[in-house]
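Chemist: Heads up: the protein sequence lines correspond to chains A and B, in order. First residue of the first sequence: 37, per our numbering; consecutive thereafter. First residue of the second sequence: 55, per our numbering; consecutive thereafter.
Calculated from the structure, these hints are not laboratory results. Just to be clear, a hint being listed does not mean it is correct.
[To be verified] If we take Cβ atoms under 10 Å as the criterion, some of the chain A residues that face chain B in the derived model are:
hint, residue
1, His214
2, Ser217
3, Gly218
4, Asn305
5, Gly317
6, Met319
7, Thr325
8, Ala356
9, Arg358
10, Ile396
Here a beta-carbon is modelled for each residue, glycine too, at the ideal position from N, C-alpha and C.
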Amino acid sequence: MTTSALRDLVIRHPGQGEEQPFLEVVDLRVHFPTDDGLVKSVDGLSFALDRGKTLGIVGESGSGKSVTSLAIMGLHTRPASEQTRPGAQLSGEIYLDGDELLGKTPEYVRSLRGKRMAMIFQDPLSAMNPYYTVGQQIIEAYRIHNPVNKKVARKHAIDMLGRVGIPEPSRRVDAYPHQFSGGMRQRAMIAMAPSCDPDLLMADEPTTALDVTVQAQILDLIRDLQSEFNSSVVLITHDLGVVAEIADDVLVMYAGRAVEYGSAEQLFNRPAHPYTWGLLGSMPRFDRTRSERLLAITGSPPSLINVPPGCPFHPRCAYAARNGGLSEDIRPELIPVEPGHTVACHLSQTDREQIWEHEIAPKL
Amino acid sequence: MTASTQKPAEAGAEQDSDLIIVEGLIKHFPIRAGILRRQVAAVQAVDGVNFSVKRGETFSIVGESGCGKSTTARLLTRLLEPTAGKITFEGRDISHLKDAAMRPLRRDLQMIFQDPYSSLNPRHTVGKIVGAPFRIQGVNPPGGVKKAVQDLLAAVGLNPEHYNRYPHEFSGGQRQRIGIARTLALRPRLIVADEPVSALDVSIQAQIINLLEDLQSEFDLTYVIIAHDLSVVRYVSDRVAVMYLGKIVELTDAEALYGAPMHPYTVALMSAVPVPDTRRRQERERILLSGDVPSPISPPPACRFHTRCWKAQEICRTEEPPLVELLPRHHVACHFPENYPDQAVNATSPEASLR
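Just chain A, same shape as in the assembly (with noise of 0.2 Å):
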């Protein structure tokens, strides 16, 4: 499409300060060749995030959050020649403190997984090694990028632990993931990540599967190692009460590209886009009693194979007709409304305004 026109698009926040953001990802696309068709998972996504600032992505399965992720990570599959194996065909750039990692060899990106940059998954069972007791996987992580005898590892993974505020570190180091409770298992995981003090730390969902009194506990965790490293954080959830709570700016992706990009403050208190608005009018409040209906959005995500022509999310869109058919012809780009807040749609500033304003506000 207008590749170049995006290319142009203005990732940046004008409110960012003037030194190069620590991450960036320009144009990034992951599509996927299946037997029915290319999944655009990910088509078009650009964003920046300053060193020890957290980004919050949000959006409904499929948006193509977590494919975001592994990009970043360089954990897909590329195909080894196009007809013979599928994987992901990916385009774009990903800057990791000035240093693309897309033109990388997967060996290159593989040395800065666990030093550079971490992940946290959201399984953390099935992201662990069930054969390998929690302190074996912790020290093969640290050994690997720290030239240590196993007995210094043993101590740091046990430091680790008790960092993360397992209790009695030195007996449950011994311990296998099968063991440990899901909440245990989550920050043996975080422990696991940060054992080599990232610069750049990427969590898929990490509270997910967790009860809230679990969940309250990982993210004051996550906040505590983050002021420690001055770490640059990417939370994907699709939680907006943890967003919130913990993100500094925020990207709203539906169908594999963004559709708001601001700051947590602006976010919250004047979203711009009619998706945005259908996230928060879907979600019952805890703060509040509420008597009216919920504004669900309706019908459902679209196919990543078959994205709707124009604005993807048109035909979902209550507000779609307003623009005698532009919405369903022309995609539209992320346009600055305010200051470091961008938004994608078609509507006028004082439609969008006076909608969010007598419309959706008064409801939430």
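Once you've looked at the hints, dock chain B against the given chain A.
Modeler: Here is chain B on its own, set in the frame of chain A:
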């Protein structure tokens, strides 16, 4: 769902407004070991639970994993047999009914399951799935089964033309609608829904919640909803019971529970819920509970929450606080409740339970 219920009945009023009454419900799952498979211990999943659900209301049970809420749901629908205690449905004791005796009752007592992927047979068409209750119960709906099924599909917002499709052709939200259509087939009085929306995306969740609400007024349904999401529970419920390690620790109207929770566990649970409001990030005071939930195989004695409670005193370790009505319609099982004028109250004193 709040809209469809009448004003709460006067205290101590008519017993017959209760659709289902649960008294002293206990379910222990035996753990067997050794050659003789002798019972060595028991998972005390549900341990002495009392509540009743009124006609037309939405009663929710919340709690974290392992608190016994799903076991309670399965006991209510008699998918499990209670170890002890009594379940009275429409004036009839159903606690130990045999399968055959239970079957006619299943028309009135249905269940919605959490996972719309595993609760539908992938080899059956939608028509067969939704029509199954008619076949099993030998019911001949007026106009035939096909017509009845198509009406049900329309009622839950699906295209009746999709009668011959298979579950894999539908999205998660649509599958949950198919499950709901099946549940509604025999016009049940009580629907027990175990985490009906937790497997769904946010936007789909709202559709299903709205649907359940519409169906409640249309079909005059009573719901028991099992959920861990406190936001969803606040929105849908008239009354809420909070469970911890097999026991109800607090039971009251949703309004009162969220406005002024009294059990320390409820207070801690609520303080942990993330709220989509950046302005409240600073103001909120969070109570972080230390450690994990103890094992239900050997739960702590007396008050089961005392190992994690910041208010625990000696009495909490020695004497179990009963679930009493500390404020009108507000039942709490705690020696030192929050949001209560007299902090030093001994919950067992008759004076306290009379208030």
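Chemist: Should the interface hint for asparagine 305 of chain A be scored as holding, given a Cβ-Cβ cut-off of 10 Å against chain B?
Modeler: Holds. Min distance 7 Å.
Chemist: For the hint on alanine 356 of chain A, does the least C-beta distance to chain B fall short of 10 Å?
Modeler: The hint is violated - alanine 356 of chain A has no Cβ within 10 Å of chain B, the shortest such distance being about 16 Å.
Chemist: Measuring from the C-beta of arginine 358 of chain A to each C-beta in chain B, is the shortest one below 10 Å?
Modeler: 21 Å, violated
Chemist: For the hint on glycine 218 of chain A, does the least C-beta distance to chain B fall short of 10 Å?
Modeler: 7 Å, holds
Chemist: Measuring from the C-beta of serine 217 of chain A to each C-beta in chain B, is the shortest one below 10 Å?
Modeler: 5 Å, holds
Chemist: Minimum Cβ distance from methionine 319 of chain A to chain B below 10 Å?
Modeler: Hint holds; methionine 319 of chain A Cβ to chain B Cβ min 6 Å, cut 10 Å.
Chemist: Taking the closest Cβ pair, is histidine 214 of chain A under 10 Å from chain B?
Modeler: 15 Å, violated
Chemist: Can the hint on isoleucine 396 of chain A be confirmed by a CB-to-CB distance to chain B that is less than 10 Å?
Modeler: Check failed: Cβ of isoleucine 396 of chain A comes no nearer than 14 Å to chain B, outside 10 Å.
Chemist: Please check whether threonine 325 of chain A passes as an interface residue: C-beta within 10 Å of a C-beta belonging to chain B.
Modeler: 7 Å, holds
Chemist: Does the interface hint hold: is glycine 317 of chain A within less than 10 Å of chain B, judged Cβ to Cβ?
Modeler: 7 Å, holds
Comparing the model with each numbered hint stated earlier shows that hints 1, 8, 9 and 10 do not hold.
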